[in-house]
Amino acid sequence: VKAVCWMGRNSVEVADVPEPRIVNDRDAIVRITSTAICGSDLHLYDGYVPTMKRGDVLGHEFMGEVVEVGKSVRNLEPGDRVVVPFPIACGSCNACSRDLWSLCENTNPNAHLAEKLWGHSTAGIFGYSHLTGGYAGGQAEYARVPMADVGPIRIEEGLADEQVLFLSDILPTGWMGAEMCDIGPDDVVAVWGAGPVGQFAALSAMLLGAARVIVIDRFEYRLRLARERGAETVNYEEVDGVPETLKELTGGRGPDACIDAVGLEAHFPGPLYAYDRVKQAARLESERAFALREAIMACRNGGVVSIVGVYGGLVDKFPIGSLMNRSLTVRTGQCHVHKYLRPLLARIQAGEIDPTFIVTHRLPLEEAPRAYELFKQKRDGCVKVVLKP
Amino acid sequence: VASRWNELPEREARFSAAPGDQGTEIVVELEYTPDPIAKLRGEDPPTKLADELRRFKQLVETGEVARA
Numbered sequence: 032v033k034a035v036c037w038m039g040r041n042s043v044e045v046a047d048v049p050e051p052r053i054v055n056d057r058d059a060i061v062r063i064t065s066t067a068i069c070g071s072d073l074h075l076y077d078g079y080v081p082t083m084k085r086g087d088v089l090g091h092e093f094m095g096e097v098v099e100v101g102k103s104v105r106n107l108e109p110g111d112r113v114v115v116p117f118p119i120a121c122g123s124c125n126a127c128s129r130d131l132w133s134l135c136e137n138t139n140p141n142a143h144l145a146e147k148l149w150g151h152s153t154a155g156i157f158g159y160s161h162l163t164g165g166y167a168g169g170q171a172e173y174a175r176v177p178m179a180d181v182g183p184i185r186i187e188e189g190l191a192d193e194q195v196l197f198l199s200d201i202l203p204t205g206w207m208g209a210e211m212c213d214i215g216p217d218d219v220v221a222v223w224g225a226g227p228v229g230q231f232a233a234l235s236a237m238l239l240g241a242a243r244v245i246v247i248d249r250f251e252y253r254l255r256l257a258r259e260r261g262a263e264t265v266n267y268e269e270v271d272g273v274p275e276t277l278k279e280l281t282g283g284r285g286p287d288a289c290i291d292a293v294g295l296e297a298h299f300p301g302p303l304y305a306y307d308r309v310k311q312a313a314r315l316e317s318e319r320a321f322a323l324r325e326a327i328m329a330c331r332n333g334g335v336v337s338i339v340g341v342y343g344g345l346v347d348k349f350p351i352g353s354l355m356n357r358s359l360t361v362r363t364g365q366c367h368v369h370k371y372l373r374p375l376l377a378r379i380q381a382g383e384i385d386p387t388f389i390v391t392h393r394l395p396l397e398e399a400p401r402a403y404e405l406f407k408q409k410r411d412g413c414v415k416v417v418l419k420p
Numbered sequence: 010v011a012s013r014w015n016e017l018p019e020r021e022a023r024f025s026a027a028p029g030d031q032g033t034e035i036v037v038e039l040e041y042t043p044d045p046i047a048k049l050r051g052e053d054p055p056t057k058l059a060d061e062l063r064r065f066k067q068l069v070e071t072g073e074v075a076r077a
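As you go down the protein sequences, you meet chains A and B in turn. Going by our numbering, 185 is the number at position 154 of the first sequence; the sequence numbering is gapless. Going by our numbering, 49 is the number at position 40 of the second sequence; the sequence numbering is gapless.
Everything labelled a hint here was simulated from the structure, so no lab data went into it. Yeah, the Cβ is synthetic: ideal placement off N, Cα and C, and Gly gets one too. Treat the hints with care, since some could be wrong.
Stated by the list, open to error - Each computed DMTMM-like pair below joins lysine to aspartate or glutamate, with the alpha-carbon atoms no more than 25 Å apart:
hint: 1; chain 1: A; residue 1: K348; chain 2: B; residue 2: D60
hint: 2; chain 1: A; residue 1: K147; chain 2: B; residue 2: E61
hint: 3; chain 1: B; residue 1: K66; chain 2: A; residue 2: D111
hint: 4; chain 1: A; residue 1: K147; chain 2: B; residue 2: D53
hint: 5; chain 1: B; residue 1: K66; chain 2: A; residue 2: D213
hint: 6; chain 1: A; residue 1: K407; chain 2: B; residue 2: E34
hint: 7; chain 1: A; residue 1: K147; chain 2: B; residue 2: E38
hint: 8; chain 1: A; residue 1: K84; chain 2: B; residue 2: E52
hint: 9; chain 1: B; residue 1: K66; chain 2: A; residue 2: D180
hint: 10; chain 1: A; residue 1: K102; chain 2: B; residue 2: E70
hint: 11; chain 1: A; residue 1: K147; chain 2: B; residue 2: D44
hint: 12; chain 1: B; residue 1: K48; chain 2: A; residue 2: E146
hint: 13; chain 1: A; residue 1: K147; chain 2: B; residue 2: D30
hint: 14; chain 1: A; residue 1: K102; chain 2: B; residue 2: E73
As the list claims (entries may be wrong) - What the simulated footprint calls covered on chain B by chain A, stretch by stretch (three residues with Cβ under 8 Å from a Cβ of chain A suffice, anywhere in the stretch; the number is not a length):
hint: 15; stretch: 40 to 54
hint: 16; stretch: 67 to 76
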């Protein structure tokens, strides 16, 4: 079957891989009808996530039709249409029972690798390096879905793929980013990054009752998308310092909550960019954390910094003094997707959320190499690519 | 949990209830000669034991061993 394979830094290929098969009794095989490229796939593409191997199948945002189920999967049957959450979770360990699904204790076969880097392991994740299990991903014609009796959510007829596909990751990720801010009715929320997760975080902050949402990016076409949905915007290449600008916009206080929807490959218009870029290229630090540094510095005293942009390892010049002395709260995590699937599907069905507005490109799976470049280089107004196997 | 453990060969273990109804803690004592090279390769006895314990937990809690 055809699949998008990681072939080294800045290289993906659509290759023939062995057909996925049922390995465990709780597995299902899904014929994929839609799959998307995530901003975090670019971190793999750009070579910033360790333990990728040549030939690894990418993709953790996918949906499709169940074609086969293992003996223990009784809630699904062939023909069911499902969206698959990106973390693989067993549903019965301590983490799962506390709604911390992306921290499932039983689904990462390479937990020892993750423990070396992070102290403790996370759940297994589809198509996201061997640190998170080495599971084949969903940018393919077919995928094996472990713990299929727990993860996949069945979708009734009447909803198009693009309305529900983003339940797999970015919609709940944006939602969780906003939810972690504990938004009150008078709150100002600032969001770094107007990519798909930033767009959904901004939208979620509004739905959760924020008085104002300010989105920060450098691409005008992305900022326009956020403005069309009621956010204010700041183009960081056109202002003299983002924290200062946010101060001016909030009577000197700063936003009540700051969401980092950028992660480890941030851009920054200043000499510090060269410092971090060089250290990162030489692998002396793994992250360029401009967005996170700004989010901390900008946040009002006693406010919340919510991190949903992906980080992998270590960072320099982390403003711990600002964080500590000003009583900031940091909340973060890979999204606990399972917790949000049903409530967010209900909001989609009720017409409260229409996630399709971010889709700018629909391409056949075969064109994945071009799609990765379009998305990486932000060409042709690219916000989100959906691939059709 | 203890009865499932006895299905495995030649490991003596102590079992105790974890605080707050969080399940069962298992302690296995291991005597071995440290081997730095095996440790680097992740093939030293403590690493192998930790993997074995993890697979045991997977089996007890989910009914299967996670495989990519």
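key: Satisfaction of hint between B/D30 and A/K147, Cα-Cα up to 25 Å   = 28 Å, violated
key: B/K66 paired with A/D111 [C-alpha distance capped at 25 Å]   = 31 Å, violated
request  = Sort out whether B/D44 lies within 25 Å of A/K147, counting only the CA atoms.
outcome  = Measuring from Cα to Cα gives roughly 18 Å; hence the hint holds.
Proposed proximity, B/E34 with A/K407 (alpha carbon, max 25 Å) = Between A/K407 and B/E34 the Cα gap is close to 47 Å, so the pair fails against 25 Å, i.e. violated.
key: Given hint B/E73 paired with A/K102 - CA-CA distance at most 25 Å   = 12 Å, holds
inquiry  = Against the 25 Å threshold, does the CA-CA distance of A/K84 and B/E52 hold or violate the hint?
reply    = 21 Å, holds
inquiry  = Using C-beta distances, would you say chain A covers the stretch 40 to 54 of chain B, given that this needs three or more residues below 8 Å?
reply    = Contact hint for the stretch 40 to 54 of chain B vs chain A: violated, 1 residues under 8 Å.
inquiry  = Tell me if the straight-line CA distance from A/K147 to B/D53 falls inside 25 Å.
reply    = Holds: A/K147 and B/D53 sit about 15 Å apart, inside 25 Å.
inquiry  = Hinted pair, alpha-carbon criterion (25 Å max): B/K66, A/D213. Please report holds or violated.
reply    = 35 Å, violated
Given pair status - A/E146, B/K48, alpha carbons within 25 Å = 14 Å, holds
Restraint check for A/K147 with B/E38, where alpha carbons must lie at most 25 Å apart = Given pair A/K147, B/E38 holds - Cα atoms ~22 Å apart, limit 25 Å.
task = Starting from B/K66, check that the Cα of A/D180 is at most 25 Å away, please.
result = 19 Å, holds
The structure fails to meet hints 1, 3, 5, 6, 13, 15 from the earlier list, while all remaining hints are met.
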